[in-house]
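As given, the protein sequences belong to chains Z and U, one line each in that order.
To convert a position in the first sequence, counted from 1, into the working numbering, add 1403.
To convert a position in the second sequence, counted from 1, into the working numbering, add 4.
The reader is advised that the hints may include incorrect statements.
Said to hold, decoys possible - Computed footprint of chain Z on chain U; a stretch qualifies when at least three of its residues, placed anywhere within it, have a C-beta under 8 Å from a C-beta of chain Z:
| # | segment |
| --- | --- |
| 1 | 8-20 |
| 2 | 35-43 |
| 3 | 53-60 |
| 4 | 64-74 |
To be verified - The calculated SDA-like cross-link candidates involving lysine to any residue, where the alpha carbons are at most 25 Å apart (straight line), are:
| # | chain 1 | residue 1 | chain 2 | residue 2 |
| --- | --- | --- | --- | --- |
| 5 | U | K31 | U | A72 |
| 6 | Z | K1449 | U | W77 |
| 7 | Z | K1449 | U | L49 |
| 8 | U | K31 | Z | Y1503 |
| 9 | Z | K1449 | U | R21 |
| 10 | U | K31 | Z | A1558 |
| 11 | Z | K1449 | U | T12 |
As the list claims (entries may be wrong) - Here are some of the chain Z residues that sit facing chain U, going by a computed Cβ distance under 8 Å:
| # | residue |
| --- | --- |
| 12 | A1483 |
| 13 | G1522 |
| 14 | V1524 |
| 15 | Q1525 |
| 16 | G1527 |
| 17 | S1532 |
Hints in this document: simulated from the structure, not taken from any laboratory.
Quick reminder that beta carbons are idealized off the backbone N, C-alpha and C, glycines included.
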Amino acid sequence: MLDEPFRILIAALICWLNFMTVDLIFKLPHSGGVSGATAIAQEVEKGGGKLNGGYMMGNLVSSPDASAGTLLASCGVYCAGLPGGLFAALLVYIGNRICYDPGYAGTTGCISATFIVYGAVQSGWFAASDFIAGMVIAILTIQGLSSVHASRLIARLWKVRCRFIPEDKP
Amino acid sequence: MIAVYLCTAIAVYAAIRVIAERNTMRKLPFLNVVSFAVTGIIAFLLPHPITILAAAAYFVGSTLESNAIASTWAGGIRKP
């Protein structure tokens, strides 16, 4: 097993890739799910960011998406192993329904993260606690450092995603 | 136990950013980071199966509050 800081950084990278992939597949940067998400996107754009990135940031604030799914799956695996992670997926689905979201992104992200975290713990290279701290770092890079730069990065990734699936142009 | 101190440091940093940001809508992403960090801290401090329920309840509740603040600030529910 590596030292804890290295493990946390690698776990952060894995969590970041997991939630960003699932959120892009489920078209979070396409539009705001609720009026509040759209308003956050407009404010981010006014501050110099990109609208599509702002939509995704607004959607992350307004309902538990794949990022929340990854965090709660890590907490579930940390507290109760594989059944804990799957139970967390059910809770994320209920949370999504409370927040007027269809719930596909959150539940898919939670289930995929459960298997990733459980597999990583079983391999002996990681502890589940690394993924909890890793996900907090991953969300910090998107929501907590600079809304302008994060929204530009998301908009760029969204363009790449649209290039591969042309019917979903923004 | 670096992980729990890291989560605490990130929560405090994001809380300071929430206070320092002047624009209400742009405060909310920082508040989201605080919610993530506190959910992680709850799981670290109470390693018990029921903790998942507590962490999920806290997280969904705080998300719903952010959703309500943002939607109210944006002018409430849009009538079709």
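Verification of the supplied hints:
no., hint, result
1, 8-20, "holds (count 6)"
2, 35-43, "holds (count 6)"
3, 53-60, "holds (count 6)"
4, 64-74, "holds (count 8)"
5, K31/U to A72/U, "holds, 14 Å"
6, K1449/Z to W77/U, "holds, 16 Å"
7, K1449/Z to L49/U, "violated, 40 Å"
8, K31/U to Y1503/Z, "holds, 22 Å"
9, K1449/Z to R21/U, "holds, 19 Å"
10, K31/U to A1558/Z, "holds, 21 Å"
11, K1449/Z to T12/U, "violated, 31 Å"
12, A1483, "holds, 4 Å"
13, G1522, "violated, 19 Å"
14, V1524, "violated, 14 Å"
15, Q1525, "violated, 18 Å"
16, G1527, "violated, 18 Å"
17, S1532, "holds, 5 Å"
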